[in-house]
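With the hints as extra help, turn the sequences into a complete structure.
Number of protein chains: 2
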Amino acid sequence: MQVTCVHIHVKPGFTEQFLEASLRNARATLSEPGNLRFDVLQSRDDPERFMFYEVFVDLEAIEAHKLTTHYQQWRDLVQPWMLTPRQGVKYEPHFPLEPEQWVTIDE
Amino acid sequence: MQVTCVHIHVKPGFTEQFLEASLRNARATLSEPGNLRFDVLQSRDDPERFMFYEVFVDLEAIEAHKLTTHYQQWRDLVQPWMLTPRQGVKYEPHFPLEPEQWVTIDE
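From first to last, the protein sequence lines are chains A and B.
For the first sequence, our numbering assigns the number 860 to the initial residue and increments by one for each residue that follows.
For the second sequence, our numbering assigns the number 860 to the initial residue and increments by one for each residue that follows.
One should not assume that every hint holds.
The list makes no distinction among identical chains, and a pair is therefore deemed to hold if it is satisfied within one copy or across any two copies.
Straight-line Cα separation of at most 20 Å, EDC-like style, residue types lysine to aspartate or glutamate; simulated pairs [claimed, not checked]:
1) K870 / E959
2) K870 / D917
3) K925 / E959
4) K949 / E907
5) K949 / D905
6) K925 / D935
7) K870 / E919
8) K870 / D905
9) K870 / E957
10) K925 / E957
11) K949 / D935
12) K949 / E919
13) K870 / E891
Source of the hints: derived by calculation from the structure; they are not laboratory data.
The following block contains the structure:
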């Protein structure tokens, strides 16, 4: 399993449209076979800062994600709204350990 | 729902014992009625950096967590192993939105 936290800092006045575009991308990503979670979070102390908590089954699933239309559309659309380049931090998960414990129940 | 990312930087040579103590705390926390997730992650680029992805149903559940024996024992045990004070970043979740989509299936 591959966990990545993607940190995004948007320009003032762009939070609403960034969130709308990112929720669209999150829902589509969750339907990819290799994606387990795609949580979209907004900082309570600084609402212009967002974090995506992305969990994929393996590195190949991350590569497949980058080739999807929804990801590429999101990336190009939000690019001019960012104050600084987005930053991804990669983590090894230690708990929980079963892939099914990382799944978002898709309703 | 309350999502907090807790960032921890441990002293060189203390990663193994920190992880052992933290996994014990994570398992116990998951059995609290107000806890939904308690993911334990280790940075791939810097293995002395850890992150806990903590999700509770509300602020009262966080307060109840701080009163548990397992939390207090963890806090006191790992305190001298940290290079810097731990830092918590609070987030508002935007996706997914149903509490059951945040639950770790407990096996």
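Here is how each hint holds up against the structure:
no.	hint	verdict
1	K870 / E959	neither (37 Å within a copy, 33 Å between copies)
2	K870 / D917	neither (32 Å within a copy, 30 Å between copies)
3	K925 / E959	neither (23 Å within a copy, 28 Å between copies)
4	K949 / E907	between (22 Å within a copy, 13 Å between copies)
5	K949 / D905	between (23 Å within a copy, 10 Å between copies)
6	K925 / D935	within (12 Å within a copy, 43 Å between copies)
7	K870 / E919	neither (32 Å within a copy, 33 Å between copies)
8	K870 / D905	within (12 Å within a copy, 29 Å between copies)
9	K870 / E957	neither (38 Å within a copy, 29 Å between copies)
10	K925 / E957	neither (25 Å within a copy, 27 Å between copies)
11	K949 / D935	neither (22 Å within a copy, 28 Å between copies)
12	K949 / E919	within (15 Å within a copy, 31 Å between copies)
13	K870 / E891	neither (30 Å within a copy, 39 Å between copies)
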